[in-house]
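Asks: So the protein sequences, as listed, match chains U and S.
Residue numbers for the first sequence follow the working numbering, so the first one is 1 and each next one is one higher.
Residue numbers for the second sequence follow the working numbering, so the first one is 1 and each next one is one higher.
In short, the hints are calculated from the structure, not lab data.
Misleading hints may appear alongside valid ones.
[Stated by the list, open to error] If the Cβ cut is set under 7 Å, some of the chain S residues that face chain U in the computed set are:
no.	residue
1	Cys43
2	Ser84
3	Thr106
4	Arg129
[Stated by the list, open to error] These stretches of chain U come out as covered by chain S in the derived footprint (C-beta under 8 Å, 3 or more residues):
no.	region
5	80-90
6	167-181
7	502-512
For clarity, every value in this text was computed on a predicted model and none was experimentally measured.
Idealized CB from N, CA, C, for every residue including glycine.
These are the residues of each chain, in order.
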Amino acid sequence: MTGPAHIFDKPNRYIGQPEPRADAARLLQGRGRFVDDEKLPRMVHAAFVRSPHAHAKILSVDTEDALSATGVIAIYTGADLAEHVTPYIGTLTHLTGLRSAPQHPLAMDVARWQGEPVVMVVATSRALAEDACELVDVDYDELPAAVNSETALDADTPVIHPEFGSNLAWERDVIAGDIDAAFAAPGVHVIEREFRFGRHTGVTLESRGTLCEYDPSEDQLTVYYSGQAPHMMQVIFSKHLGLPEENVRVISNDVGGSFGIKIHTYGDEIATAAAAKLLRRPVKFIADRFESFVTDIHARDHIVKAKMGITEAGTIVGIDFDDLTGIGPFSMYPRTSAIECNQVLNLTGAPYVMENYRAKGRVVFQNKTLMCQYRAVGHPIAMAIADGLLEDAARKIGMDPVALRELNLMADDSYPRTSATGMKLDDLSHKRALRKLTEIMDYQGLRADQTEARKDGIYRGIGFVSMVEVTNPSPMFYGIGGAPIASQDGATVRLDAGGALHVSSSITEQGQGTNAILAQIAAGVFGIALNRVKVTTGDTATTPYGGGTWASRGAGIGGEAMLLAAQALKDQVLDVAGVMLQTGVEKLDIRDGAVTDLDGKERLPLADLARTVYYRGNELPNDLNPELIATRHYRVTDFPFVFTNGAMAAHVEVDTETGFVKVLHFWAVEDCGRVINPLLVDEQIRGGVVQGIGGALYEECHYSPDGQFLNATMADYMVPMASEMPDITIAHIETPTKTSVLGAKGAGEAGTGGAPAAILNAVNDALSPMGASIWQMPMTPERILTMLDNAAE
Amino acid sequence: MSRSIDIKLRVNGEDVGATVPARLNLVDFLREELCLTGSHVGCEHGVCGACTLTVDGDTVRGCLMLATQANGKEVTTIEGLADSGQSTALQAAFTKRNALQCGFCTPGMLASALGYVNAGGAADRDAIRQHISGNYCRCTGYQSIVDAICDVIKETRT
Ligand code: FES
Ligand code: FES
Chain U
1 MTGPAHIFDK
11 PNRYIGQPEP
21 RADAARLLQG
31 RGRFVDDEKL
41 PRMVHAAFVR
51 SPHAHAKILS
61 VDTEDALSAT
71 GVIAIYTGAD
81 LAEHVTPYIG
91 TLTHLTGLRS
101 APQHPLAMDV
111 ARWQGEPVVM
121 VVATSRALAE
131 DACELVDVDY
141 DELPAAVNSE
151 TALDADTPVI
161 HPEFGSNLAW
171 ERDVIAGDID
181 AAFAAPGVHV
191 IEREFRFGRH
201 TGVTLESRGT
211 LCEYDPSEDQ
221 LTVYYSGQAP
231 HMMQVIFSKH
241 LGLPEENVRV
251 ISNDVGGSFG
261 IKIHTYGDEI
271 ATAAAAKLLR
281 RPVKFIADRF
291 ESFVTDIHAR
301 DHIVKAKMGI
311 TEAGTIVGID
321 FDDLTGIGPF
331 SMYPRTSAIE
341 CNQVLNLTGA
351 PYVMENYRAK
361 GRVVFQNKTL
371 MCQYRAVGHP
381 IAMAIADGLL
391 EDAARKIGMD
401 PVALRELNLM
411 ADDSYPRTSA
421 TGMKLDDLSH
431 KRALRKLTEI
441 MDYQGLRADQ
451 TEARKDGIYR
461 GIGFVSMVEV
471 TNPSPMFYGI
481 GGAPIASQDG
491 ATVRLDAGGA
501 LHVSSSITEQ
511 GQGTNAILAQ
521 IAAGVFGIAL
531 NRVKVTTGDT
541 ATTPYGGGTW
551 ASRGAGIGGE
561 AMLLAAQALK
571 DQVLDVAGVM
581 LQTGVEKLDI
591 RDGAVTDLDG
601 KERLPLADLA
611 RTVYYRGNEL
621 PNDLNPELIA
631 TRHYRVTDFP
641 FVFTNGAMAA
651 HVEVDTETGF
661 VKVLHFWAVE
671 DCGRVINPLL
681 VDEQIRGGVV
691 QGIGGALYEE
701 CHYSPDGQFL
711 NATMADYMVP
721 MASEMPDITI
731 AHIETPTKTS
741 VLGAKGAGEA
751 GTGGAPAAIL
761 NAVNDALSPM
771 GASIWQMPMT
781 PERILTMLDN
791 AAE
Chain S
1 MSRSIDIKLR
11 VNGEDVGATV
21 PARLNLVDFL
31 REELCLTGSH
41 VGCEHGVCGA
51 CTLTVDGDTV
61 RGCLMLATQA
71 NGKEVTTIEG
81 LADSGQSTAL
91 QAAFTKRNAL
101 QCGFCTPGML
111 ASALGYVNAG
121 GAADRDAIRQ
131 HISGNYCRCT
141 GYQSIVDAIC
151 DVIKETRT
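The whole structure should be built from the sequences, with the hints applied where relevant.
Replies: In structure tokens:
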């Protein structure tokens with residue numbers, strides 16, 4: 001390569017380095033700025049009266065006593081706000097047949113889940129608003145509820161939206177090859193299991209919240225938003241509150257975790273914006289933990305009947321399954337609640353060579369909290385179906401589960417290719433990942449230990465998953481279906497007069513280290529010390545237009561835009577330097593904040609160049625008009641998604657007396673393409689694994705038969721704690737994606753997508769000597785004991 | 001409406017006097033009245049540990065204590081720990097190990113970690129995991145936090 005040193009291989013080579021995050025210091029000193037930390041002049045507070053019933057007709061609302069309570073400023077009912085907010089419907093055109101009913105910020109005539117906001121009270125403090133909520137008298141006529149997804153389509157189940165005639169929201173069939181013939185072929189074993197995946201939720205440690213400020217003099221709404229997609233929310237506030245899009249500014253400062261929870265349209269947040277507009281003053285709403293449990297989107301809630309056919313020699317001939325998933329009473333706006341089911345249909349078995357495939361998905365309405373896209377959408381289900389059946393099949397034919405994967409995984413040199421469901425795959429490394437995994441975990445050693453331990457009545461299990469992950473989505477994910485969700489992202493980089501870089505990007509930070517990797521890419525590509533890069537994200541007024549951070553797209557899409565912008569600015573600076581130094585640009589480079597010769601000898605500090613451009617333009621030729629700022633945007637073309645792959649393993653011990661599962665260790669080998677910062681990505685994968693373990697072993701939203709959420713406190717809903725989590729070993733394989741220069745794919749969801757299957761397989765491996773197995777998550781001690789009892793009978 | 005009570009306390013080394021509603025909890029008082037927003041509220045029922053702070057040298061949950069119960073006491077929040085330098089070593093180790101992501105659990109986690117280190121806790125991973133189990137973190141896998149606390153103990157005891 002001629003000219004400047006390559007970006008991945010030069011003195012300011014920050015890409016790939018374990019650089020600590022610059023913004024850690026602020027958060028460690030208590031200087032974070034989360035939504036509830038903001039205070040504005042004349043600010044008032046909202047609280048909500050919520051439906052105590054899963055399904056009820058609202059007969060009347062009496063607000064008289066509440067209106068005269070201390071500190072109360074205003075009270076709004078559903079009908080009041082409907083005059084100011086247009087309804088929204090969570091459908092997308094590419095999910096053919098998906099239906100949902102119009103939603104209002106507050107329930108109108110019928111409340112359809114316990115926790116649905118019904119009346120909004122605004123008062124001078126949150127405590128006074130809550131006091132007044134107690135005085136609001138809502139007269140309900142309780143209706144029979146459709147709670148259980150398995151009976152949602154039965155003739156005698158109440159239909160939640162009578163205009164649809166049934167509780168079916170969406171269905172889709174995917175068929176490839178001839179599954180019946182494949183299963184009927186001689187010598188083929190068919191393994192059949194019913195999987196149950198409980199409902200769980202994100203439990204962001206910072207609950208949802210918003211602070212909305214309206215300035216009537218400029219018809220300007222400013223929203224402090226704890227979330228992932230500021231530009232999407234800008235469109236939503238504009239469209240449904242009737243404001244010009246440019247008059248809506250959405251700001252995300254620090255966000256205390258999101259994981260897909262804070263990227264949807266929540267009635268209480270829309271109501272808060274409407275109240276701010278009506279009252280012409282700032283209104284804050286911060287959900288308390290109970291409100292979070294009953295209104296934050298839930299996830300999973302799938303019942304899957306699945307079969308895998310396998311030959312005696314271990315060749316998988318196909319997978320056949322039926323997925324039923326309950327999504328609450330509406331499809332969430334604007335992303336819809338059919339995506340998770342769609343992912344399950346698309347991704348199941350995608351690591352394996354397979355000709356025959358049949359999948360049916362049905363998405364049904366029910367009177368429970370809305371379900372939508374939480375971290376690793378659909379992946380834990382898809383991976384558990386395929387890899388759960390695979391390890392069950394391995395036991396059946398007496399083959400080692402690693403050997404069986406070796407036999408069926410797509411070969412690393414077989415790409416580009418498609419999966420059985422037609423997904424375009426490239427740059428994957430399943431076999432290398434699996435081999436690396438068995439090396440780092442000392443697989444043979446663990447098997448020997450397992451055999452020894454069993455002699456002492458100690459039941460340990462080893463379980464694996466080979467997985468794919470959807471990352472870097474193209475417009476085919478949402479934009480094509482009409483959602484106001486950008487699939488491209490932009491980055492701007494500017495050289496200031498002091499020789500430092502200012503970067504702004506449309507991807508957002510919720511703790512992943514977005515700002516840190518943007519700085520690393522900009523500094524590395526441009527050629528400047530990392531501490532001389534300032535980063536701005538999370539503000540629709542000051543960043544380029546783009547999608548934000550979700551679906552493991554920040555590094556891959558936003559990072560590439562940053563790389564292209566930094567390269568463009570570098571080219572521009574070298575053009576100026578070439579003129580100033582009377583040297584050909586091909587002989588110049590930028591290193592450590594100075595223009596240099598190719599051998600690194602300093603020729604011109606960047607501050608000198610910038611000061612000349614900004615202050616003494618008279619020294620430049622008249623036809624040279626440098627801007628010292630560059631913006632580039634990037635989107636994925638040619639592929640609907642950029643898939644990554646990984647291989648993970650869990651080592652568990654099951655106490656057969658108590659049913660308690662202890663995870664002894666966990667390993668993850670991840671191929672997320674080029675790793676930009678291993679320090680950040682490793683702990684992000686660990687955090688994902690821990691959420692996956694939570695889903696596999698602990699986390700579940702329990703409902704009574706009439707739709708009451710039974711465990712809506714942090715004491716009753718169990719999230720993983722430090723003491724019960726294992727150490728997690730991470731290793732990487734780097735197969736850069738060819739779709740970008742940077743080569744980065746997403747990594748943030750892998751652990752959550754893969755860990756449940758690995759834990760399930762490990763538990764079943766541990767239980768196998770007793771002839772027991774479990775196919776329901778979370779795998780609670782009670783459920784495990786039941787399975788052991790059943791096996792003993 | 002609840003009645004109001006006069007309180008006097010020291011917060012991060014400064015004398016504070018206030019008239020507070022009897023029902024106001026300590027963390028809300030610190031956040032709302034004193035603008036010490038470093039202490040966070042994750043559950044308000046004593047489970048998550050986001051509100052952990054120090055009162056008269058003890059590690060307590062700011063959501064389980066009323067502001068009036070802090071009358072006459074010495075309260076230290078994350079802002080105080082940082083400004084006085086008490087948490088400098090932990091801050092450096094948390095940064096080096098990337099022991100935080102969103103940072104929402106971090107002030108409480110740091111206060112708990114400091115309590116462990118100051119009490120002479122050992123660089124024993126299981127013991128540290130036990131100690132911080134009252135502090136939920138939803139972002140990290142806890143491992144980096146354990147690593148960071150171990151680092152500080154090893155550095156300060158050698
Ligand atoms: S807010 Fe105090 S323990 Fe959760
Ligand atoms: S860093 Fe987000 S909760 Fe711990």
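Asks: Next step is simple, just say for each hint if it's right about the structure.
Replies: Each hint, compared with the structure:
Evaluation of the S:Cys43 hint against chain U yields a held restraint, the C-beta minimum of about 4 Å falling below 7 Å. Annotation: interface hint on S:Ser84 violated; nearest CB of chain U at approximately 11 Å, more than 7 Å. Interface hint status for S:Thr106: upheld, as the beta-carbon distance to the closest one in chain U is roughly 5 Å, under 7 Å. A cut of 7 Å between beta carbons decides the hint on S:Arg129: the least distance to chain U is about 4 Å, and the hint holds.
With 0 residues carrying a beta carbon less than 8 Å from a beta carbon of chain S, the region 80-90 of chain U misses the three-residue requirement, and the given coverage is violated. Here the region 167-181 of chain U counts 0 residues with a CB under 8 Å from a CB of chain S, which misses the bar of 3, and the coverage is violated. Check on the region 502-512 of chain U: 3 of its residues sit with their Cβ under 8 Å from a Cβ of chain S, so the three-residue criterion for coverage holds.
The structure is inconsistent with the numbered hints 2, 5 and 6, although it conforms to all the rest.
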